[in-house]
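Peer 1: If you want the building blocks of each chain, they are given just below.
There are 2 protein chains.
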Amino acid sequence: MALTDEAIAKLRGMIASGELQPGARLPPEQQLATQIGLSRSGVREAVKVLESARVLDVRRGDGTYVTSLSPGLLLEGLGVAVELLRDDTLLEVMEVRRMLEPVATGVATLRMTTVQLAELSRILDDMGAAAGDAEKLIEYDTAFHHVITASTGNETLTSLLDGLSTRTLRARVWRGLIEGNAADRTIDEHRAIYLALLARDPALVHAAALVHVNTSEAWLRTVIGAAPALNERDRPL
Amino acid sequence: MALTDEAIAKLRGMIASGELQPGARLPPEQQLATQIGLSRSGVREAVKVLESARVLDVRRGDGTYVTSLSPGLLLEGLGVAVELLRDDTLLEVMEVRRMLEPVATGVATLRMTTVQLAELSRILDDMGAAAGDAEKLIEYDTAFHHVITASTGNETLTSLLDGLSTRTLRARVWRGLIEGNAADRTIDEHRAIYLALLARDPALVHAAALVHVNTSEAWLRTVIGAAPALNERDRPL
Numbered sequence: 001m002a003l004t005d006e007a008i009a010k011l012r013g014m015i016a017s018g019e020l021q022p023g024a025r026l027p028p029e030q031q032l033a034t035q036i037g038l039s040r041s042g043v044r045e046a047v048k049v050l051e052s053a054r055v056l057d058v059r060r061g062d063g064t065y066v067t068s069l070s071p072g073l074l075l076e077g078l079g080v081a082v083e084l085l086r087d088d089t090l091l092e093v094m095e096v097r098r099m100l101e102p103v104a105t106g107v108a109t110l111r112m113t114t115v116q117l118a119e120l121s122r123i124l125d126d127m128g129a130a131a132g133d134a135e136k137l138i139e140y141d142t143a144f145h146h147v148i149t150a151s152t153g154n155e156t157l158t159s160l161l162d163g164l165s166t167r168t169l170r171a172r173v174w175r176g177l178i179e180g181n182a183a184d185r186t187i188d189e190h191r192a193i194y195l196a197l198l199a200r201d202p203a204l205v206h207a208a209a210l211v212h213v214n215t216s217e218a219w220l221r222t223v224i225g226a227a228p229a230l231n232e233r234d235r236p237l
Numbered sequence: 001m002a003l004t005d006e007a008i009a010k011l012r013g014m015i016a017s018g019e020l021q022p023g024a025r026l027p028p029e030q031q032l033a034t035q036i037g038l039s040r041s042g043v044r045e046a047v048k049v050l051e052s053a054r055v056l057d058v059r060r061g062d063g064t065y066v067t068s069l070s071p072g073l074l075l076e077g078l079g080v081a082v083e084l085l086r087d088d089t090l091l092e093v094m095e096v097r098r099m100l101e102p103v104a105t106g107v108a109t110l111r112m113t114t115v116q117l118a119e120l121s122r123i124l125d126d127m128g129a130a131a132g133d134a135e136k137l138i139e140y141d142t143a144f145h146h147v148i149t150a151s152t153g154n155e156t157l158t159s160l161l162d163g164l165s166t167r168t169l170r171a172r173v174w175r176g177l178i179e180g181n182a183a184d185r186t187i188d189e190h191r192a193i194y195l196a197l198l199a200r201d202p203a204l205v206h207a208a209a210l211v212h213v214n215t216s217e218a219w220l221r222t223v224i225g226a227a228p229a230l231n232e233r234d235r236p237l
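Read top to bottom, the protein sequences are chains L and Z. With UniProt numbering, the residue at position 201 of the first sequence is 201, and numbering never jumps. With UniProt numbering, the residue at position 207 of the second sequence is 207, and numbering never jumps.
Treat the hints with care, as some may be off.
Given that identical chains are not distinguished, each listed pair holds provided it fits within a single copy or across any two copies.
[Claimed, not checked] For lysine to aspartate or glutamate, the following EDC-like pairs were computed, each having C-alpha atoms within a straight-line distance of at most 20 Å:
no. : residue 1 : residue 2
1   : Lys10     : Glu83
2   : Lys10     : Glu51
3   : Lys136    : Asp188
4   : Lys136    : Asp162
5   : Lys136    : Asp184
6   : Lys10     : Glu76
7   : Lys136    : Asp125
8   : Lys136    : Asp126
FYI, nobody ran anything at the bench for these hints, they're computed from the structure. Given the structure is predicted, the values throughout are model-derived calculations rather than measurements.
With the hints as constraints, model all of the structure from the sequences given.
Peer 2: Below you can see the structure in the form of structure tokens.
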């Protein structure tokens, strides 16, 4: 891996320094290998790793290009990494969401358009009609929170929160909710967030989002069989 | 890439399902290729990509192992990705830090040990003595914030905040601070965070951390030549 690592570092350096701009086409493999003083096979492997990290885009029969380097592409790997975390670590992920989501939702209060508010209202109707259908509830849940984070206009934030709220994690929480007959209460929590956003009340939005992420955390604990958090100790589970 | 992607997905799936546990040794390449029904070269490339993502550890002359899958390893790629973000996107990163750092620092209030508080005090002394030495200031700044986030005991949070506060980003902010003769004021902001932590006052800690990240953001804007944020419009820069 040593030579590949060196080739990766050199290619990253050329991109970070601006020598290779977003969208730029890389020189042919042989030329690139000569330029950075490494073997063709080292360069080839480095390109594969950087393609997987969405830094490079290999177009068959055309060439290899630097991607747009947008946060959405570069941070795509976060969700993939989170999917591989062990159960005990998922509670750490939940704690990060507890810290970040309420503030992010509060920021959304000031930036959300009326069109986006209407979209949330539609998704809430769909949620209510989905009853015990876990697949649909997960889909609407994902859509609901994505509309909110996307409304901040911060693609880095959206990518991070999407990465921290993977489908597997959502599925585990919803499985607990449905088995515990708590789906309706959770849909009500989504409605509380929507109503606070509609009222353009940042403090209330923050509170509603914090209550909601706390419920998700409590159910995740139930599903993975962890001890309740300090603030959950007195709650009958 | 298609075949490699398929091999990556299959290996990830075996790890996510628990078929391959953290620390497990992978079967030899030929056997693995037969097992997942793909070519040896596809498997070899997949292993390289997963090694780069710190999911696998290739030990020469020994074998290929699944890593510990700890958040510290799996989220290492975040910092590498952030280093490649374009200037305009760095302001998005700063906004995420503005959302996350004050809350994370607030959580640290309740969990920080007296040993860690003493460490912060020592780092503050070092900062004061470093005067205009940018390299040292960046080093102490990194250490100061790392002690705080690590004190939360949440490795996922620590990895995310470390990834969002790359050395390059810090270096750019400190360059602005030193050129603008604002290093002393920034050291005072670190002291304000420390004193609030010492007083175990979460609301004050939150406020001090928010003021501090706002200063960093303002200087990053100056350095990359961006327009001031809304809340900075009336400030004489």
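Peer 1: Take the hints in turn and mark each one as holding or not.
Peer 2: Hints, verified against the model:
1. Only between protomers do Lys10 and Glu83 lie at most 20 Å apart by alpha-carbon distance; the minimum there is 14 Å, versus 29 Å within a single protomer.
2. In this assembly of identical chains, Lys10 and Glu51 lie within 20 Å of each other by CA distance both inside one copy and across copies; the values are 15 Å within and 18 Å between.
3. For the homomeric pair Lys136 and Asp188, the shortest alpha-carbon distance inside one copy (16 Å) is at most 20 Å, but the shortest distance between copies (52 Å) is not.
4. Proximity of Lys136 to Asp162 under the C-alpha cut-off of 20 Å is restricted to the intra-copy arrangement: shortest distance 18 Å within a copy versus 36 Å between copies.
5. Within a single copy, Lys136 and Asp184 get their C-alpha atoms as close as 14 Å, which meets the 20 Å cut-off; across copies the closest is 55 Å, which misses it.
6. Taking the closest pair of Cα atoms, Lys10 and Glu76 come within 20 Å of each other only across two copies (18 Å); inside a single copy the shortest separation is 22 Å, beyond that limit.
7. With identical chains, the CA atoms of Lys136 and Asp125 are at most 20 Å apart within one copy only, with a shortest distance of 12 Å there and 56 Å across copies.
8. Taking the shortest Cα distances, Lys136 and Asp126 sit within 20 Å of each other inside one copy (9 Å), while across copies they are farther apart (56 Å).
Of the hints listed earlier, there is not a single one the structure fails to meet.
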